[in-house]
Amino acid sequence: MNWGTSILLSIVQFVVLSVCHAQKDWTINVVMGQDVMIPCGVQVRGTLERLVWKLGHYNSTEPLAYLVEGSRSCNTRKKENCDLRSDGTLELPNVQETDSGNYFCVIGSDEKYHSQHTLVVHPKVAFETFPKSEDVFVAQTGPDEIVLAYTIPVCKNTDVIGTVTCDPPSGAKIGIDVTEIVCNCIHSDNVVDTCETSIPGKYMLGYFA
1 MNWGTSILLS IVQFVVLSVC HAQKDWTINV VMGQDVMIPC GVQVRGTLER LVWKLGHYNS
61 TEPLAYLVEG SRSCNTRKKE NCDLRSDGTL ELPNVQETDS GNYFCVIGSD EKYHSQHTLV
121 VHPKVAFETF PKSEDVFVAQ TGPDEIVLAY TIPVCKNTDV IGTVTCDPPS GAKIGIDVTE
181 IVCNCIHSDN VVDTCETSIP GKYMLGYFA
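Sequential numbering from 1 applies to the sequence shown in UniProt numbering.
Careful, some of the hints might be misleading.
Unchecked claim - In silico lysine-lysine, DSBU-like type, Cα no more than 30 Å apart, as pairs: (1) Lys78 / Lys124; (2) Lys124 / Lys156; (3) Lys156 / Lys79; (4) Lys124 / Lys79; (5) Lys132 / Lys156; (6) Lys78 / Lys112; (7) Lys173 / Lys156; (8) Lys112 / Lys79; (9) Lys173 / Lys132.
These aren't lab readings, by the way, just hints derived from the structure by calculation.
Note that this is a predicted model, so its numbers are computed, not measured.
With these hints in hand, go ahead and build the complete structure from the sequences.
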């Protein structure tokens, strides 16, 4: 190898390294039934000639989706419904818990550059029990004030202590213009389910003039 060839190879290596920049190990938390978009995360300057998404392992020989010279396709044997955008973003509609796993976006024919995305699909956070309007006790404590009493809801598929928040809470004194109770079930990944209960319009008188 002569001096000129050595310089040329150095330039080529610099250009290749400046074409792609990979970031790795994203974690994406979603709820079952949501549509998910997973960007490749490898920045490419110029035309994106070849991109492959792999599921489960970086060395998997069967791609989940691929983009080669403008042609895009998804492997329906791996995932029945998926789509691949021209920028390499992978779209997964109506994800289920079985879609959880590691997704790898691989760039280039030599597969030198890649990013890893861990998709975690949580079960839906939902109310097991929640207050119905007829179960809310309301007493009038002043000309423009009432107090509420109701059973605190119970959530399922959640992992947080003190998972339920309600506004206004049971036992609170509120203005008579407040018309509903809003309760939230909360998961550690900020997944929320909400229920609303109307406050009855008839009050038990409980105040002194």
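Structure-based check of each hint:
{"no.": "1", "hint": "Lys78 / Lys124", "verdict": "holds (24 Å)"}
{"no.": "2", "hint": "Lys124 / Lys156", "verdict": "holds (9 Å)"}
{"no.": "3", "hint": "Lys156 / Lys79", "verdict": "holds (29 Å)"}
{"no.": "4", "hint": "Lys124 / Lys79", "verdict": "holds (21 Å)"}
{"no.": "5", "hint": "Lys132 / Lys156", "verdict": "holds (18 Å)"}
{"no.": "6", "hint": "Lys78 / Lys112", "verdict": "holds (23 Å)"}
{"no.": "7", "hint": "Lys173 / Lys156", "verdict": "holds (29 Å)"}
{"no.": "8", "hint": "Lys112 / Lys79", "verdict": "holds (25 Å)"}
{"no.": "9", "hint": "Lys173 / Lys132", "verdict": "holds (19 Å)"}
The structure agrees with every numbered hint stated previously.
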